[in-house]
Amino acid sequence: MKISRETLHQLIENKLCQAGLKREHAATVAEVLVYADARGIHSHGAVRVEYYAERISKRRHQPRTGVSS
1 MKISRETLHQ LIENKLCQAG LKREHAATVA EVLVYADARG IHSHGAVRVE
51 YYAERISKRR HQPRTGVSS
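Heads up, the sequence shown is in the UniProt record's numbering, so the first residue is 1 and it goes up one at a time.
Worth flagging that the hints you see were computed from the coordinates, not collected in a lab. Warning: the hint list may mix true and false statements.
Claimed, not checked - Calculated lysine-lysine pairs in the BS3-like style (CA-CA distance at most 30 Å, straight line):
id, residue 1, residue 2
1, Lys22, Lys2
2, Lys58, Lys15
3, Lys2, Lys15
4, Lys22, Lys58
As the list claims (entries may be wrong) - Pair ranges (Cβ atoms, derived):
id, residue 1, residue 2, range
5, Arg55, Tyr35, 30 to 36 Å
6, Ser43, Met1, 16 to 22 Å
7, Lys58, Lys2, 28 to 34 Å
8, Glu6, Arg59, 18 to 24 Å
9, Arg5, Arg59, 29 to 35 Å
10, Arg23, Arg48, 17 to 23 Å
11, Met1, Arg59, 29 to 35 Å
12, Lys58, Met1, 18 to 24 Å
Just so you know, even glycine gets a beta-carbon here, dropped at the ideal spot from N, CA and C.
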């Protein structure tokens, strides 16, 4: 099954927002995961979404209040 990068990005972003991440942070994470998949580094791509979402929703991983560059 193939989906566009834009669709994948939106699906990831929505899933992370549902888990409790702020939209802007979810968008950043989605961008990185989609980029990893596009580069062929699937172990660091969309396959990680469920793991991240579970940890965020259970608060095992505390989302940072700010994103630094």
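For each hint, the structure was consulted:
no.	hint	result
1	Lys22 x Lys2	holds (27 Å)
2	Lys58 x Lys15	holds (14 Å)
3	Lys2 x Lys15	holds (19 Å)
4	Lys22 x Lys58	holds (15 Å)
5	Arg55 x Tyr35: 30 to 36 Å	violated (21 Å)
6	Ser43 x Met1: 16 to 22 Å	holds (19 Å)
7	Lys58 x Lys2: 28 to 34 Å	holds (32 Å)
8	Glu6 x Arg59: 18 to 24 Å	violated (30 Å)
9	Arg5 x Arg59: 29 to 35 Å	holds (30 Å)
10	Arg23 x Arg48: 17 to 23 Å	holds (19 Å)
11	Met1 x Arg59: 29 to 35 Å	holds (32 Å)
12	Lys58 x Met1: 18 to 24 Å	violated (29 Å)
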